[in-house]
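Visitor: Chain by chain, the residues run as shown.
Protein chains: 2
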Amino acid sequence: MQRPPIKFCRECGTSVVYRIPDDGDTKERAVCPACNTIHYENPLNVVGTVPFWGDKVLLCKRNIEPRWGKWTLPAGFMELNETTLEGAARETLEEAGAQFEMLGFFSLVNVARVSQVHLFYLAQLTSDQFAPGVETIEARLFLESEIPWDEIAFRTTKETLERYFADRRTGRFNIHHIDIA
Amino acid sequence: MQRPPIKFCRECGTSVVYRIPDDGDTKERAVCPACNTIHYENPLNVVGTVPFWGDKVLLCKRNIEPRWGKWTLPAGFMELNETTLEGAARETLEEAGAQFEMLGFFSLVNVARVSQVHLFYLAQLTSDQFAPGVETIEARLFLESEIPWDEIAFRTTKETLERYFADRRTGRFNIHHIDIA
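Residue numbers (numbering that gives the first Met the number 0), protein chains in the order written: chain A, 0 to 180; chain B, 0 to 180.
The reader is advised that the hints may include incorrect statements.
Identical copies go unnamed one by one, so any copy, or any two together, can satisfy a pair.
Derived lysine-lysine pairs resembling DSS-like cross-links, with alpha carbons at most 30 Å apart [what the hints assert, rightly or not]:
hint, residue 1, residue 2
1, Lys69, Lys26
2, Lys60, Lys26
3, Lys6, Lys26
4, Lys157, Lys60
5, Lys55, Lys69
Bear in mind the hints are in silico, worked out from the structure with no lab data behind them.
The shape of chain A in the complex, shown without the other chains (with noise of 0.2 Å):
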């Protein structure tokens, strides 16, 4: 998921070329030499839920590529206006068809080897029909002891639901603010 460099300008076409801007930046940026546009890159958001069913999990079965038939929490990237709750119901509709109610907001997860953020959002399922969209081969609920850890798709996914099932052991949903080297 690493980006490629930006080759041309987005705003008149010229190659650009990668150097310190001019600005008391520090940092390389692609700059146009013609028109001097400054093209940075941040950081992704990915948005997505862990949608529950009494003491089961709803996870889904991916139908894209990375990680084709791994399994995953509903998750994407986060779109334009739109906020982080909404990102995440959103995914949850695409992905999973599922119908809920969202609730609190459960896990920051920092992979900046890759340069990106998932926030992920508790979701509280009213009903466990689903109807899965394109990206997911299928959605399914999973008990603690069903979920199958060796097929899960990302650790993003994998550390999340470590926290839930611990939390719901607890009895306490907490915050998880983690780091994936």
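Position chain B relative to chain A; hints supplied.
Guide: Using the frame of chain A, we list chain B on its own:
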């Protein structure tokens, strides 16, 4: 802070067209008619701190637009390959030249209208001497009663400061989840 539309392809320099891609997507993206690159545009994270010294909070008087001359908590755009906490610490050092110890996560503020998510951490100052950077006219400590509420640069700062002082009165710091319309 609304970003202008993308005009040219970052991969090949051809003029792009905004349309819904043919891959099942539901949103218009800048698509290159020559090389088919899809240019996704996503929200930006702003990361910063609430730096405190006893009863006082550190604010920075902005030496840059927007809101030149107004007061703000140290904060700025998150960079590639850093965590939210690392970015918040970096901005506090760059803008205030403060010495501090990073403490916990404090607030997540959605500003969907401009596609931003602001994330603030508590930072305990270890000195009351500051060395503001080029983006700051002055860095100064304020008691709650001294805060220039009408001269605060951004609502994200104002809402975070209000919650900081409210929590301080109760002696218990919570994590705050805020949406700004």
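Visitor: I want to check one pair: Lys6 and Lys26. Are their C-alpha atoms no more than 30 Å apart within a copy, between two copies, both, or neither?
Guide: Answer is both; intra-copy 17 Å and inter-copy 25 Å each pass.
Visitor: When Cα atoms must be at most 30 Å apart, do Lys69 and Lys26 count as within-copy, between-copy, both, or neither?
Guide: Between. Shortest inter-copy distance 26 Å satisfies the 30 Å Cα cut-off; intra-copy 37 Å does not.
Visitor: Quick one: Lys157 to Lys60, C-alpha cut-off 30 Å, is that within a copy, between copies, both, or neither?
Guide: Within one copy, since 14 Å is at most 30 Å while 43 Å is not.
Visitor: 30 Å Cα cut-off: does Lys60 pair with Lys26 within a copy, between copies, both or neither?
Guide: between (39 Å within a copy, 23 Å between copies)
Visitor: I want to check one pair: Lys55 and Lys69. Are their C-alpha atoms no more than 30 Å apart within a copy, between two copies, both, or neither?
Guide: within (18 Å within a copy, 50 Å between copies)
No hint from the list above goes unmet by this structure.
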